[in-house]
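A.B. asks: Residues per chain are reported as follows:
There are 2 protein chains.
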Amino acid sequence: MFGLVDNAGNLLLEDNISTPDYKTIEEFALAVYNKLESRKEEFEGKYQIVGFGIGAPNANYYSGNIEYAMNLNWQGIVPIKEVFEKQFNVKTIVTNDANAAAIGEMVYGNAKGMKDFIMITLGTGLGSGIVINGELVYGHDGFAGELGHITVNPNGRKCGCGRMGCLETYVSATGIKRTVYKLLAKYNNPSKLRDIPFNQLTAKMITEAAMQDDTIAHEAFDYTAKILGAKLADAVAFSSPEAIFLFGGLANAGDYVFLPVKKYMEQFLLPIFRNKVKIIPSALQKLNAAILGASALVWKEIE
Amino acid sequence: MFGLVDNAGNLLLEDNISTPDYKTIEEFALAVYNKLESRKEEFEGKYQIVGFGIGAPNANYYSGNIEYAMNLNWQGIVPIKEVFEKQFNVKTIVTNDANAAAIGEMVYGNAKGMKDFIMITLGTGLGSGIVINGELVYGHDGFAGELGHITVNPNGRKCGCGRMGCLETYVSATGIKRTVYKLLAKYNNPSKLRDIPFNQLTAKMITEAAMQDDTIAHEAFDYTAKILGAKLADAVAFSSPEAIFLFGGLANAGDYVFLPVKKYMEQFLLPIFRNKVKIIPSALQKLNAAILGASALVWKEIE
Chain A
178 MFGLVDNAGN LLLEDNISTP DYKTIEEFAL AVYNKLESRK EEFEGKYQIV GFGIGAPNAN
238 YYSGNIEYAM NLNWQGIVPI KEVFEKQFNV KTIVTNDANA AAIGEMVYGN AKGMKDFIMI
298 TLGTGLGSGI VINGELVYGH DGFAGELGHI TVNPNGRKCG CGRMGCLETY VSATGIKRTV
358 YKLLAKYNNP SKLRDIPFNQ LTAKMITEAA MQDDTIAHEA FDYTAKILGA KLADAVAFSS
418 PEAIFLFGGL ANAGDYVFLP VKKYMEQFLL PIFRNKVKII PSALQKLNAA ILGASALVWK
478 EIE
Chain B
178 MFGLVDNAGN LLLEDNISTP DYKTIEEFAL AVYNKLESRK EEFEGKYQIV GFGIGAPNAN
238 YYSGNIEYAM NLNWQGIVPI KEVFEKQFNV KTIVTNDANA AAIGEMVYGN AKGMKDFIMI
298 TLGTGLGSGI VINGELVYGH DGFAGELGHI TVNPNGRKCG CGRMGCLETY VSATGIKRTV
358 YKLLAKYNNP SKLRDIPFNQ LTAKMITEAA MQDDTIAHEA FDYTAKILGA KLADAVAFSS
418 PEAIFLFGGL ANAGDYVFLP VKKYMEQFLL PIFRNKVKII PSALQKLNAA ILGASALVWK
478 EIE
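In the order they appear, the protein sequences are chains A and B.
With my numbering, the residue at position 240 of the first sequence is 417, and numbering never jumps.
With my numbering, the residue at position 111 of the second sequence is 288, and numbering never jumps.
The shape of chain A in the complex, shown without the other chains (with noise of 0.2 angstroms):
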């Protein structure tokens, strides 16, 4: 998915090439080269590309590579940003997924003027961006930010990265899933969620059973949300933000999330920061997050 975005947020073009399609980064930068120059007479003359930006898991601000990505066909060090300085002549920033959200949320959404935030991203894992004194924590090796790998506990779930009991074995979509599945075998209540398999499962049908008082889906809110209150207490303890920003999938719950996460997270807190850090949407949830997130990163560097 890619787009040209100008400096105030506009998404002035959309389009999507499939990475899978192709074996190496440069064969992707060429395919992205010629899909814009198929498209040139919508910007051409009008606007100047003047550099992009990219999320990318395991991305690496410094280095301008990712870095061993799981869910990428390219492995190894793929060298993202010298292959579309090369293609492009344009000045490439890389960075992950949830930082370059963070930089969004700073540039066109609910953080802007904030000098220090949290944005949390809720999918498939839990991604994290911090922004301390106005600027992204990408920490001395460019990996800063990896909240969804604190540990919650060390005999806990299994996780992707290979430990056991990361946060995001618990508070992500997929988190709230295993807390479902854990709940139906603890409990005999009657729900709907017991007709799901598991590989069907959604936040959004966990959510929709709420709504309808479903007591299994209530009761894994609430622990999710305990998790989660708990270590955004513990985040704030490190680097007391303004505001702690809640994205993506399982942020869509809306009160179910927000409301609970708020309460346990005060009830955690140290009394000197008590009821001084606001728990927001994202104001880019329903904008196309991804693209605008990215093209920040250019504005943000250029500005």
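These are calculated hints, taken from the structure and not from any lab test.
Check each hint, because a few of them may be wrong.
The list treats identical chains as interchangeable, and a pair is accepted whether it falls inside one copy or across any two copies.
As the list claims (entries may be wrong) - Restricting the straight-line Cα-Cα distance to at most 35 angstroms, the calculated cross-link-like pairs of lysine-lysine (DSBU-like) are:
id	residue 1	residue 2
1	K217	K363
2	K453	K200
3	K335	K403
4	K381	K263
5	K453	K263
6	K223	K292
7	K268	K453
8	K200	K292
9	K359	K217
10	K439	K223
11	K289	K477
12	K455	K403
13	K381	K455
14	K453	K403
15	K289	K403
Based on these hints, arrange chain B on the given structure of chain A.
C.D. replies: Leaving out everything else, chain B in the frame of chain A:
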């Protein structure tokens, strides 16, 4: 305790004034003024005072106030920056002790040239100062960096902050004492530590017992290190620092602390962070760290 420090970190003058002797912050500032006046032949003509750096509990960098500090006789909000600037007519910068230690390490110590590191002070409690992109993290309200109060176990040990299971109730000079007493209750091994009352036990005595192969002392260090190692792994997932410094009473135990903390942290780290993060002693450990750290606040700002 106060002193004069030049920009190379040389302690030119050192003196003591006891805070409980002064009912108000104004009287205290005047006492410091009078003390310096009485010794002015030691620096007058050679040095000029360009600023005051003050490390104090609950001192807020932004507001310049000490806010509701439990262990000071000045209650409520104490405008220490304002009072010192009036008394001395030079720039005054305040923050808490652990933040001052972090800046001290960066200006004079082992963190010279580092842009991303964490300072952990292990004294009566656990303090922390976090540096990201070369800047101390104060957060939106000036109180960031309270790693002593991230939660280890919500049903765990009672903390001075009013909550349960905070990291500092396990990992600090006091925390390891509590662990020794727990282990003395749990096991029936003979141990020299059985002859020491709680109120007399120190981290140094536990280290000495470990040096004599006391099994209770060994297990106490292992228990403490495992908890700290796990929480440092979470901190690395947050900000990906180049190094973590350990400082203060418990850090004096040397290898009894550093080796197992490193071992456990590596076990808990996400694979991409393994074998990247140093755990090292503070260079200020043997110097007058409180004075150097506070003075560094000023030199950092002037530079």
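A.B. asks: Failing hints, ascending?
C.D. replies: Violated hints (numbers, rising): 1, 4, 8, 9 and 10; every other hint is consistent with the structure.
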